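With the first letter of the sequence shown counted as 1, position 113 gets the number 113 in the working numbering; the numbers rise by one all the way through.
These are calculated hints, taken from the structure and not from any lab test. The structure presented is a predicted model; accordingly, all values stated were derived computationally and were not measured. Just so you know, even glycine gets a beta-carbon here, dropped at the ideal spot from N, CA and C. Each statement offered as a hint is correct.
Below 27 Å or equal to it, Euclidean Cα-Cα: the simulated BS3-like pairs (lysine-lysine) are: (1) Lys-87 / Lys-45; (2) Lys-69 / Lys-45; (3) Lys-68 / Lys-33; (4) Lys-45 / Lys-33; (5) Lys-60 / Lys-45; (6) Lys-87 / Lys-69; (7) Lys-33 / Lys-69; (8) Lys-83 / Lys-45; (9) Lys-45 / Lys-91; (10) Lys-60 / Lys-91; (11) Lys-60 / Lys-87; (12) Lys-68 / Lys-91; (13) Lys-91 / Lys-69; (14) Lys-87 / Lys-33; (15) Lys-83 / Lys-69; (16) Lys-68 / Lys-83; (17) Lys-45 / Lys-68; (18) Lys-87 / Lys-68; (19) Lys-91 / Lys-33; (20) Lys-33 / Lys-60; (21) Lys-33 / Lys-83.
Restraint ranges, calculated between C-beta atoms of paired labels, are given here: (22) Val-50 / Arg-14: 25 to 35 Å; (23) Gly-18 / Ser-39: 39 to 49 Å; (24) Ser-40 / Leu-94: 19 to 29 Å; (25) Arg-14 / Glu-84: 25 to 35 Å; (26) Leu-94 / His-42: 21 to 31 Å; (27) Glu-17 / Ala-51: 37 to 47 Å; (28) Arg-14 / Gln-75: 37 to 47 Å; (29) Phe-54 / Lys-91: 13 to 23 Å; (30) Gln-75 / Lys-33: 16 to 26 Å.
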Amino acid sequence: MGDADGAQYNAMDRFFEGCNPEILVCFYHVVAKVHERSSSIHPGKRSLVVAAIFDMYYAKTASQFHSKKTTILWQWLADPDIKEFGKYFHKQWLFGKFLKWQCFRTPIGLATTSSPVETFKAKVKCTYTLRSRMYIPSKS
1 MGDADGAQYN AMDRFFEGCN PEILVCFYHV VAKVHERSSS IHPGKRSLVV
51 AAIFDMYYAK TASQFHSKKT TILWQWLADP DIKEFGKYFH KQWLFGKFLK
101 WQCFRTPIGL ATTSSPVETF KAKVKCTYTL RSRMYIPSKS
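From just these sequences and the hints, can you work out the full model?
Below, the structure is given as structure tokens:
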């Protein structure tokens with residue numbers, strides 16, 4: 001599982017070339033990008049968009065996901081206020097290289113919302129910095 005980062009994706013793809021790895025995307029990064037891209041949408045409609053994305057995320061099977069995806073995309077593309085966002089989401093999160101972010105794709109027991117790297121960084125941060133900023137003087 002990794003971030004929605006092209007360099008990270010390409011590195012994994014090249015390292016495991018020929019193995020056809022299933023590269024999962026951390027759902028947090030999907031939501032973070034959605035919040036960035038949907039800031040111009042009216043707050044009421046924005047909350048409906050986010051709810052729809054969570055609906056797709058929690059689909060239990062691929063067929064349930066595809067059914068929800070089709071319905072939601074039709075709704076978004078029919079609404080002039082959400083149409084541009086719908087096109088972005090379709091291209092980036094449903095048919096781009098970062099399309100594997102749904103729950104049903106994650107094996108049982110594997111974290112679904114943060115990559116192992118982020119978990120490791122959080123542990124280091126908590127253990128060694130006690131979650132406070134440390135002053136590091138610069139050499140002059």
